[in-house]
Amino acid sequence: ELKVEQNPLFLSMQEGKNYTIYCNYSTTSDRLYWYRQDPGKSLESLFVLLSNGAVKQEGRLMASLDTKARLSTLHITAAVHDLSATYFCAVANNNDMRFGAGTRLTVKP
Amino acid sequence: GAVVSQHPSWVICKSGTSVKIECRSLDFQATTMFWYRQFPKQSLMLMATSNEGSKATYEQGVEKDKFLINHASLTLSTLTVTSAHPEDSSFYICSGKIDYGYTFGSGTRLTVV
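Top to bottom, those sequences are chains A and B.
Adding 28 to a residue's 1-based position in the first sequence gives its number in our numbering.
Adding 1 to a residue's 1-based position in the second sequence gives its number in our numbering.
Note that these hints are calculated values from the structure, not bench results.
If you want a taste of the chain A side facing chain B, the calculated C-beta under 7 Å gives, among others:
id : residue
1  : S70
2  : L71
3  : V76
4  : F127
5  : A129
6  : G130
Listed below are the simulated PhoX-like cross-link pairs for lysine-lysine, each with C-alpha atoms no more than 25 Å apart in a straight line:
id : chain 1 : residue 1 : chain 2 : residue 2
7  : A       : K96       : A       : K84
8  : B       : K42       : A       : K31
9  : B       : K15       : A       : K69
10 : B       : K67       : B       : K56
11 : A       : K31       : A       : K96
12 : A       : K84       : B       : K98
13 : B       : K65       : A       : K31
14 : A       : K136      : B       : K42
15 : B       : K67       : B       : K15
Given the structure is predicted, the values throughout are model-derived calculations rather than measurements.
Built from N, CA and C at the ideal position, the CB exists for glycine as well.
Kindly generate the complete structure, drawing on both the sequences and the hints.
Put into structure tokens, the structure is as follows:
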């Protein structure tokens, strides 16, 4: 069974600081996704990672994938308040997609 | 880009009544649609996977007779919560599979009173 573990579950950061969210998964996967969810809203797609060593960056967020370690990271650089949200990783294998528990990020001034 | 339109965005219903949630793929054909439920401050839990023209596949612990899924066309999938109870109150999200990813509906917040 495909399982996804995400940590930390809660993250409180000061503006300007860097931090990394980790996502481990249990079985071989086709694709790994990172999503952002604001309160009361649906999911916003951030990144799709398809292959080992893939790295994608958008603004202050950078995601990477190590398929051998079954690990993806979402790195936050110089956090700003607007990044406060819940971030989910999700792993897909064929038609089966499972979500991590989510990381609730709060960026404080 | 590929868009899934989900309605209603919120609904309040009385206990014992049924509620239908619709998800339409606007500019692509959704042969597969996924239905998720999200309780407050929790992750998305897959309820069922529906394929156009066939019966949905339900996850363990999800009552198929309570959560009726219909995927009769390539652009419409519906979830009907039958005989709703307060414990069914949740955020329901549908998702259509596209090339290398998934596109999510805007979600439906169901409150059963």
